[in-house]
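Trainee: Chains A and B, in that order, give the protein sequences. Quick note on numbering: the working numbering labels position 3 of the first sequence as 3, and the sequence is numbered without any gaps. Plus 388 on top of the position in the second sequence (first one is 1) and you've got the working numbering.
Just so you know, the hints here were simulated from the structure itself, not pulled from any lab data. In this text the structure is predicted, and so the values were computed from the model without any measurement. Honestly, I wouldn't trust all of these hints.
Straight-line Cα separation of at most 20 Å, EDC-like style, residue types lysine to aspartate or glutamate; simulated pairs [unchecked claim]: (1) K468(B) x D423(B); (2) K384(A) x D316(A); (3) K293(A) x D343(A); (4) K325(A) x E351(A); (5) K456(B) x D240(A); (6) K35(A) x D423(B); (7) K35(A) x D77(A); (8) K35(A) x D410(B); (9) K456(B) x E466(B); (10) K203(A) x D62(A); (11) K293(A) x E351(A); (12) K245(A) x D459(B).
Here are some chain B residues the structure puts well away from chain A; computed CB gaps all over 10 Å [stated by the list, open to error]: (13) P420; (14) H433; (15) N441; (16) P443; (17) M445; (18) R449; (19) R460; (20) D471; (21) V474.
We put the beta carbon where it would ideally sit given N, CA and C, even for glycine.
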Amino acid sequence: MLTRRELMAASAAVLASSREALASEAGLVALPDKKPLIARSFRPPNFETPLADLRQPFTRNDAFFVRYHLPVIPEIDTSDWTLAIAGPGTERELTLSLRDLRRDFERVAIPAVNQCSGNRRGLFVPRVPGVQWEHGAMGHALWGGVRLADVLRRAGVRPDAVEVVFECADAGVLPQTPVYVKSLPIDRAVAESTLIAFEMNGKPLPHLHGAPARLVVPGWTATYWMKHLRTIRVVQQPFDGFWMKNAYRLPLGAFPGARFPSQDDASTTPITEILVNSIITSPAEGNRLRRSKPAEVRGWAWDGGSGIAAVDISVDRGQSWQPAKLDAEIGPFAWRGFRFRLDTRTAGTLEVMARATGRNGQRQPQALTVNAAGYHHNVPQVVKVEVA
Amino acid sequence: MKHLRLARLFLALCSISATAADETSIVLIDAPDRDFTTAHCAICHSLDYITMNAPVMDRARWRATVQKMIDRFGAPIEAKDVDRLVAYLSQHYVNRE
């Protein structure tokens with residue numbers, strides 16, 4: 001237990017150079033190697049991608065959102081980093097360097113949306129506590145690495161394995177703070193698309209995105225995309241830890257998506273797959289469009305991997321809908337571009353909405369499914385523009 | 389047009405100063421127990437967690453949050469200090485809409 005004096009000393013540095021600022025207004029701040037992003041919190045760092053940086057087909061590494069649960073984030077020397085594959089569910093233990101991963105396994109690259117479970121939490125009505133993200137706790141990148149299944153095959157997975165547990169290098173300030181550990185059901189861990197990734201958009205994985213290697217679980221929310229991987233353990237019992245049992249949970253049966261039965265309790269279940277969703281990247285809220293001048297609605301639609309079947313556009317706040325034109329599909333976990341020519345012949349206000357439908361038949365809902373932690377916000381945006 | 393140019397200049401200046409910001413720019417409201425609250429909360433996280441969540445909070449939620457920090461995250465807050473922290477937070481960082 002710390003004494004009062006130690007407590008004061010611990011925060012002295014924070015107080016010493018303090019100055020007044022508009023603390024409640026999230027400003028744009030540049031972290032090392034990043035362009036200015038929307039600062040939601042400094043420590044641990046939670047920084048959101050501005051909407052304008054979501055216009056490109058692949059979100060730039062330096063514009064990609066940053067999300068950490070714990071503030072101690074070690075800079076890892078890639079040359080002496082190793083990844084341990086262990087646990088009672090394996091036949092043998094492995095210790096792999098980055099060179100081993102690059103050399104011994106087939107290389108794979110998958111375009112996929114990486115989206116925080118709490119993306120758009122700040123738009124919940126009624127509001128809920130947590131990081132008050134708006135639209136940019138997500139991005140789309142090409143993730144390069146090796147299949148987790150190939151690595152696990154080398155270690156040998158016992159038939160009674162239930163989950164795979166992932167431990168990272170980041171930690172809390174106090175030793176008693178639970179480190180960030182997550183698990184996946186064995187069938188999702190060995191799915192073809194689950195990667196140990198060490199490249200992001202063709203570049204070595206940047207520090208704030210999990211260097212030297214992170215987990216990539218296309219179609220599942222970013223809580224499972226563990227950064228700074230250290231240890232992968234195959235286990236025969238459901239993993240019992242704070243970040244599985246108490247955090248990232250939904251009311252049982254409230255949402256569609258893959259099940260994670262070994263982690264269910266009587267009333268809640270872990271969040272799993274991303275729900276069908278879309279974002280309008282242009283026009284922007286409040287834009288003025290010149291009357292009779294061509295104007296286009298553009299944006300992206302994605303889901304948990306069934307693929308996007310259709311995007312419909314409304315210009316009257318959802319009273320009527322017309323189909324948008326879809327861009328080519330580059331992969332089931334990638335986002336898919338859509339475009340729609342606006343009728344600008346009449347002056348007035350347009351309330352533009354986009355509504356995506358997945359190949360699995362699921363469609364963005366009209367109303368939010370309220371849940372205590374503020375997950376799965378996939379209600380269509382409303383973008384108001386003036387034609388004048 | 390003049391307004392637009394001025395607005396652009398203003399925004400450019402804002403973004404220059406904002407880029408240099410760090411967590412020392414976040415200071416809790418100056419009132420009794422400000423330093424006491426800062427000392428306990430800022431051990432583990434920046435104070436924007438408090439300012440960011442203010443519009444969502446009330447006294448009961450602050451009590452639950454302080455308790456969660458102790459029970460789940462191991463915050464070194466003694467039982468006798470909980471009321472004092474909750475009092476400061478719920479006086480200055482609650483929804484006033």
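Trainee: Just checking, M445(B) versus chain A, shortest CB gap more than 10 Å?
Mentor: violated, 7 Å
Trainee: Given the hint that K35(A) pairs with D77(A), test it: the Cα-Cα distance must not exceed 20 Å.
Mentor: Violated: K35(A) and D77(A) sit about 24 Å apart, past 20 Å.
Trainee: Non-interface claim for D471(B): all C-beta distances to chain A beyond 10 Å?
Mentor: The claim holds: D471(B) sits with its nearest Cβ about 16 Å from chain A, beyond 10 Å.
Trainee: Please verify whether K293(A) and E351(A) have alpha carbons no more than 20 Å apart.
Mentor: holds, 18 Å
Trainee: Please verify that the nearest CB of chain A lies beyond 10 Å from N441(B)'s CB.
Mentor: violated, 5 Å
Trainee: Below or equal to 20 Å on CA atoms is what counts here, so check K203(A) against D62(A).
Mentor: holds, 11 Å
Trainee: Would the non-interface assignment of P420(B) survive a Cβ cutoff of 10 Å against chain A?
Mentor: Given that every Cβ of chain A is farther than 10 Å from that of P420(B), nearest at about 15 Å, it holds.
Trainee: Starting from K384(A), check that the Cα of D316(A) is at most 20 Å away, please.
Mentor: The given pair, whose Cα atoms are some 10 Å apart, holds under the 20 Å limit.
Trainee: Going straight from one Cα to the other, do K468(B) and D423(B) come out at no more than 20 Å?
Mentor: Holds - the C-alpha atoms of D423(B) and K468(B) are around 17 Å apart, at most 20 Å.
Trainee: Hinted pair, alpha-carbon criterion (20 Å max): K35(A), D423(B). Please report holds or violated.
Mentor: violated, 33 Å
Trainee: Would you say P443(B) is clear of chain A, with no C-beta pair closer than or equal to 10 Å?
Mentor: Check fails; 6 Å does not lie beyond 10 Å.
Trainee: Within a Cα-Cα threshold of 20 Å, do K456(B) and D240(A) meet the stated pairing?
Mentor: holds, 18 Å
Against the hints set out earlier in the document, violations occur for numbers 6, 7, 14, 15, 16, 17, 18 and 19.
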